[in-house]
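Q: This is what each chain is made of:
There are 2 protein chains.
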Amino acid sequence: MTRMQDIADKLGISKGTVSKALNGTSNISEELQKKILETAVEMGYTKKLRRQKDTEQKLCILIDNMEYEEPYQNAYDIVLGFRQMAEPAGYTVDIIRVTEKLQRSMPYDVFMLQNNYMGAFILGFSLSAAWMRDFLTSHTPTVLYDNYIIANPTISYVGVDSNEGMELAVSYLKQLGHRKIGYLTSALGSYVMQARHKAFFQALRQADMNADPAYARGSYHITECMEKHLPRLLDMGVTAIICCHDQMAHAALLQCQQLGYHIPKDLSIIGFDDLPFCAYTSPPLTTIRQNRIQIGKSGYSALESLLNQVSIGTLLLHAQLIVRNSAGEPPVHK
Amino acid sequence: MTRMQDIADKLGISKGTVSKALNGTSNISEELQKKILETAVEMGYTKKLRRQKDTEQKLCILIDNMEYEEPYQNAYDIVLGFRQMAEPAGYTVDIIRVTEKLQRSMPYDVFMLQNNYMGAFILGFSLSAAWMRDFLTSHTPTVLYDNYIIANPTISYVGVDSNEGMELAVSYLKQLGHRKIGYLTSALGSYVMQARHKAFFQALRQADMNADPAYARGSYHITECMEKHLPRLLDMGVTAIICCHDQMAHAALLQCQQLGYHIPKDLSIIGFDDLPFCAYTSPPLTTIRQNRIQIGKSGYSALESLLNQVSIGTLLLHAQLIVRNSAGEPPVHK
Chain G
0 MTRMQDIADK
10 LGISKGTVSK
20 ALNGTSNISE
30 ELQKKILETA
40 VEMGYTKKLR
50 RQKDTEQKLC
60 ILIDNMEYEE
70 PYQNAYDIVL
80 GFRQMAEPAG
90 YTVDIIRVTE
100 KLQRSMPYDV
110 FMLQNNYMGA
120 FILGFSLSAA
130 WMRDFLTSHT
140 PTVLYDNYII
150 ANPTISYVGV
160 DSNEGMELAV
170 SYLKQLGHRK
180 IGYLTSALGS
190 YVMQARHKAF
200 FQALRQADMN
210 ADPAYARGSY
220 HITECMEKHL
230 PRLLDMGVTA
240 IICCHDQMAH
250 AALLQCQQLG
260 YHIPKDLSII
270 GFDDLPFCAY
280 TSPPLTTIRQ
290 NRIQIGKSGY
300 SALESLLNQV
310 SIGTLLLHAQ
320 LIVRNSAGEP
330 PVHK
Chain E
0 MTRMQDIADK
10 LGISKGTVSK
20 ALNGTSNISE
30 ELQKKILETA
40 VEMGYTKKLR
50 RQKDTEQKLC
60 ILIDNMEYEE
70 PYQNAYDIVL
80 GFRQMAEPAG
90 YTVDIIRVTE
100 KLQRSMPYDV
110 FMLQNNYMGA
120 FILGFSLSAA
130 WMRDFLTSHT
140 PTVLYDNYII
150 ANPTISYVGV
160 DSNEGMELAV
170 SYLKQLGHRK
180 IGYLTSALGS
190 YVMQARHKAF
200 FQALRQADMN
210 ADPAYARGSY
220 HITECMEKHL
230 PRLLDMGVTA
240 IICCHDQMAH
250 AALLQCQQLG
260 YHIPKDLSII
270 GFDDLPFCAY
280 TSPPLTTIRQ
290 NRIQIGKSGY
300 SALESLLNQV
310 SIGTLLLHAQ
320 LIVRNSAGEP
330 PVHK
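Sequences listed follow chains G and E, in order. Its first residue numbered 0, the first sequence is counted upward by one per residue in numbering that gives the first Met the number 0. Its first residue numbered 0, the second sequence is counted upward by one per residue in numbering that gives the first Met the number 0.
Think of the hints as simulated: they come from the structure by calculation, not from any bench. Heads up, a few of these hints could be off.
As the list claims (entries may be wrong) - Restraint ranges, calculated between C-beta atoms of paired labels, are given here:
no. : chain 1 : residue 1 : chain 2 : residue 2 : range
1   : G       : Ala210    : E       : Glu99     : 34 to 44 Å
2   : G       : Lys197    : E       : Ala88     : 36 to 46 Å
3   : G       : Lys197    : E       : Arg132    : 49 to 59 Å
What the hints assert, rightly or not - Distance condition first, Cα-Cα at most 20 Å in a straight line; then the derived DMTMM-like pairs of lysine to aspartate or glutamate:
no. : chain 1 : residue 1 : chain 2 : residue 2
4   : G       : Lys34     : G       : Glu66
5   : G       : Lys9      : G       : Glu55
6   : E       : Lys197    : G       : Asp207
7   : E       : Lys100    : E       : Glu69
8   : G       : Lys197    : E       : Asp93
9   : E       : Lys173    : E       : Glu226
Stated by the list, open to error - Chain G side only, calculated, beta carbon under 7 Å to chain E, not exhaustive:
no. : residue
10  : Ile149
11  : Asp160
12  : Ser300
Every residue, glycine too, gets a C-beta built ideally from N, C-alpha and C.
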């Protein structure tokens, strides 16, 4: 475990100067502070959990590609759940939107150290985000929502169980009588989209159904999914379509209705996430729920475990099938 | 949420009588108590988390097929880690060895209700244990070590990440130069043995190595593994063997040495679990660690989440490769 004295020894300066740099005091040069921070990170120094009640203990939620300001937005409840646990436990929680520019301006551990954060909860990062590489070797307790890093003991992955979710959706459709199920997905540029795609085929195999790769189709733009991939699935004779997320399911619902399909009489559609709007579509959307308040709470639990040297790798919440009206028995003549 | 009054109404008796039965007071007939308990379970009644400091809150650890009394035994640290978290939080923890007879004598939820347990941590149950079926529909917050139940929101699975562990072992061996790796396993009668078996092949595929099913061999009796399966793997020309657990690895180590093999010069052997004896074998055993104190602590964290209606399905700790001396470069002429 690296102490301030070790950093001071390495740089041949006093421990007091190191302390000033790490605590952001302004009366040392920017250049020296930068050098101290980088050395600290290189040596694996991290802020330690302090038991004194009077020192401020700060955590942060770092967000990209997700909205959290309004209750109907997908990260709102996640942030809320995290704060509901962290703040009563005595932590200050800063919520920060991180740009690609910020990520490229300094390594992740330097950012965390410089801002006095003991740990972070990371929302919405794509696989190509600059700091995703930093997480491979980071020393800072960090929980990733829907992203997984192998073999780094200070990084956890929290999410909903994609395998369980797909298994619930497929076995529900099978029970209704469906035998040909398609999958519409956006681009596989995020960990969770890859996980759901894989889980779809695993669920088909588990249900002894045809798991031909052609049954999953998709691309980055929803319009392309609607105009190209959806008609192709319909041509293949699927009687049900599972979608990678609720927005895709809603778009498919509207598109199929425009094409003259009655949902669910002619075609069943199932979403994923259970976003607030799902209860209000016409017909209301059957979907897999990820409970976002619980995601937030679990994010905090995992981070607390990491701060206490319990090395959680993966924490998955139970998925839950929410049955509404967009899925039913398949049409008789297919 | 079922209340005592609901049970009383259903049976046409007073709430006081229901309360007596649920709290184990002796002045009602055994027959009536049995009827009340069974009705309570049927209606999904469970003990609720009470915030008062003066009422005793009881959890239990139920153990089968594992030993915990002595520090060198595999469940000792798991029990310790659980108690280190639960007792300071105000819980009493009972540790109970459950026989097959007890499991057959009453349903799991009745046992828990009758003994006033709010939740349980379950260690060592095989897939054929009678209560494993009860967990599918149980209403009691329950954390299973190394067992998974799908789609029951009150049951969690806690363990070490088998996929990560196997990936670490296989990529380490690949880096050393091995191209043909075998796997020795005991019978696949437990969830974790199945998970590790599957993870072995996934790791081979991930490393672009031959994942022919013939590379995994095993059976219930270790002697049979040594006399039949181990020689077969050696005949197939493997230069390294990963074993399903450390006892198997140690047996393989001794058997190979008897056959004249020098470990690791002629053959590399890797275990799984990092039991305390691994540092003392000759040569000391390279293995995948599951940190048992952390398993215990995580078991408590997951149970606490379930008691607070956060529905954790799976909690996996990071696996860690512990490099000692039973694995090295493959012999040159193979």
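Q: With reference to the structure, classify each hint as holding or not holding.
A: How the hints compare with the structure:
At roughly 38 Å, the beta carbons of G:Ala210 and E:Glu99 sit within the given window of 34 to 44 Å. Range check, G:Lys197 to E:Ala88: Cβ separation about 38 Å, and the 36 to 46 Å hint holds. Between G:Lys197 and E:Arg132 the beta carbon distance is about 29 Å. The supplied range of 49 to 59 Å is therefore violated. A threshold of 20 Å between alpha carbons decides the hint, and for G:Lys34 with G:Glu66 the separation of about 35 Å lies outside it, so the pair is violated.
Among the hinted pairs, G:Lys9 with G:Glu55 is inconsistent with the structure: their alpha-carbon atoms are about 28 Å apart, more than 20 Å. For the suggested pair E:Lys197 and G:Asp207, the alpha carbons sit about 19 Å apart, so the restraint of at most 20 Å is met. Of the supplied pair hints, the one linking E:Lys100 and E:Glu69 is violated, its CA atoms being roughly 25 Å apart against a limit of 20 Å. Distance restraint check for G:Lys197 and E:Asp93: the Cα-Cα separation of roughly 41 Å exceeds the 20 Å cut-off, and the hinted pair is therefore not satisfied.
Pair hint E:Lys173 plus E:Glu226 does not hold up; C-alpha atoms about 27 Å apart against a cutoff of 20 Å. Hint status for G:Ile149 relative to chain E: holds, with the closest Cβ pair at about 6 Å, below 7 Å. For the restraint placing G:Asp160 at the interface with chain E, the shortest Cβ-Cβ distance is roughly 5 Å, inside the 7 Å limit, so the hint holds. Using the Cβ-Cβ criterion of 7 Å, the hint placing G:Ser300 at the interface with chain E is satisfied: the shortest such distance is roughly 6 Å.
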